[in-house]
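Given chain A, put chain B in place with the hints provided.
Sequence order for the protein chains is A and B.
Here the first sequence is numbered in our numbering, starting from 3 and rising by one per residue.
Here the second sequence is numbered in our numbering, starting from -3 and rising by one per residue.
No lab work stands behind these hints, which were simulated from the structure alone.
Each hint can be trusted.
Below 20 angstroms or equal to it, Euclidean Cα-Cα: the simulated EDC-like pairs (lysine to aspartate or glutamate) are: (1) K86/B x E124/A; (2) K353/B x D139/A; (3) K75/A x D87/A; (4) K320/B x E306/A; (5) K34/A x E249/B.
Given next are the chains, with one letter for each unit.
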Amino acid sequence: MTTVTPGFGRTVAHTAPQGSDQRPRRQLVDTKAPAEKAFLGLTRGSALVVLAVIALVGIFLTIKAVPALKVAKFSFLTTQAWQPDIHRFGIAGIMTGTILIALVAVVIAVPVALGLALYITEVAPARIKRTLVSLVDLMAAVPSVVYGLWALLFLQGRVVGVSRWIATWFGWIPLFHVNGADPSNPVQSGTLYSASTFIVGIAVSLMVIPILCSVMRETFSQAPLGEREGAYALGATRWGMIRSVVLPFGKGGIIGGTMLGLGRALGETIVVILIISPVYNANLHILQSGGNSVSGLIANLYSESSAFGTSALMAAGLALFALTLTINFAASAVVARSRSGAESDA
Amino acid sequence: MSLLDQAITAPDEPVSGAPAPQVRRKVRGVRRDMVLNLAGAALAGLSGSWLLGLVAGLAGIVGFLVVAYLLFVVAYAVLVSLTEDRPAVKDAVMTVLMASMAVLAFTALGLVIFFTLAKGWHALIHLNNYTQDLSSTGELAPLTQGGIGHAIVGTLWMIGIAVVFTVPVGLVAAVYLDMTRSRPATTFRTIVEAMSALPSILAGLFVYAAWILTLGFEHSGLAAALALSVMMLPYMIRASDLALRLVPGSLREASAALGAPSWRGEVQVVIPTARSGLATAVILGIARGIGEASPVLLTAGYTKTINADPLHGPMASLPLIALKLVQSGNANYTARAFAAASFLLLLVIVLFVIARKIGGWGPGHLSERGLRRVREASARDAERFARSQAARDVAAFAPAPSGWDATSPPDPSSTKDTR
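Only chain A is shown next, with the shape it has when bound in the complex (with noise of 0.2 angstroms):
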């Protein structure tokens, strides 16, 4: 923006020579007033100050982390236990954990904030519009620990014969499998079903529907009015307008938003710690009670570690720092070409 705004500092600098008919260019310099100095300096400075302060964290987990690092070495991705007193931790089975949580709660996220922000662009008259899209903010606002209590005292116990049900049937499908499970037993206690990530994954997802949402309806309103009214011209109904139109246009924001909320989804603490029970091996079972997630063992375990224990903590903060910022990374990348050229700045 500085270069094209003439500000008063600037000055323009006459050099034709006297009598000569070719005039050379102008040259425009740009010399800053020191007020403007000065502004752009604390602009800049605060820029800086934030830059380093999330360079901190990076940093300062990394310090942490090495000492655990460095005694366990390559053997922290691969191991499946957490007993970092004696030397044999990993990030296997926690990791493993995580990225189940997330997987799960994108899963059921994905369909419902398509539906919900097609929904509120496309299908809602326009007078309830607004309201619709303030819910959807109101939904991103809720603390996590509501959902967690909430999902831990009245999902819980409604999902347990949900998941008994898909244990019965898909059983055979070894995500969904139970071990111990027996359907002939219509008695069995549903301690068996519960505490488990498929649970958890439910109760994140309803704080990524909002994420996802957002994104997806920011760019399906930018798709051309032209394309759609072309569409509608050529008889198509709003279904037709929508998939061959809308969805084409919105692609990079599903994608871009569904990353998003990935990411979220991998960091989420409360719930976990409310309703899962810890396990430290890979728990391949989604609906069997048990699970863990790196943000959940960092809270459950950071009070009653000893300085190294603390350290292994810290490296799998780090582990899980490193993930997250990658696929936000890729999300922003992923979004932000999908919506350049839709919107011009002056």
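Same frame as chain A, but now just chain B:
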């Protein structure tokens, strides 16, 4: 599927015979057959599910609703296909699917809010809930004793300090993003966007590692505030950046054309115009920070007594106390946990409503009072212009003959800018 197919499958018009009197088709709004189809399909779904439930046991209320919903969609498709062609049936079914996703999401939100408030109600109505702490309240003490006062005090301290840290830095950093379109700024924006989705527990872990373990400070409200700041900062920058970007570029150009250097344009034109958006950004940042339990969990410690000193000693906060109390498993403590969660939820909703109210105003929106101020300023300007004009007239025409009346200045009210 292509659009051409749909165009071809459009119903044929009768070619022969006199044109029948055309009735205008109703293309928007609610039609009677739509309502009847929906109602019939809903009835079919519910009764079918009930029947199936009698024959083969389903998994409780959830199973009943799922089966009812599936039957409803099938029945609706069949009903619509009685009168419409294939694309129209597809359209109707997809519309119902989209609407039901919206209903599902908002039902879940409603259930969360209703359940929390209903459970928290018992403890929420007692005044002692807000004024007392839990220091001398046992697990079996009735809800008329003790309360979450210490958590309210803690939350106020933490969020207050975090706001002091984040608002100035965040707003100025957003201004930086707005002032330059340079490459570093774009990179900075990408980094901030990626950081705003950082797991909040990592903010807590960072402060725990740096402030408590390395620098040796104790668990305190200040440490929690630092963790909340790390978490809120990227979020606030992003929201303020969006608000600033909504300011029309023509305003900046106008200020530049009037000769203002870019910093003056920013301070006197862009920021005042984006004021409502910036306020919304700050409020939503607060609403986000106030509900975070995980950064506080690692940094504040936990206490049952009121601690009004954010520099020393452990502190509680509303989300933290809700978490800790429900983890204890005791029925009375669970009720108190729900009281804390309800209070938190109400706080967030209030903040949210305020933010919506302010944010509903577009950039440059002025309140009644602001409008009056602007009008007064323009009236003053008009008067000043008139006065200097009159002075110039007098100077120019002083020696002139008295044929032209230069003594009475033009009426200021006639030039008053009513904007």
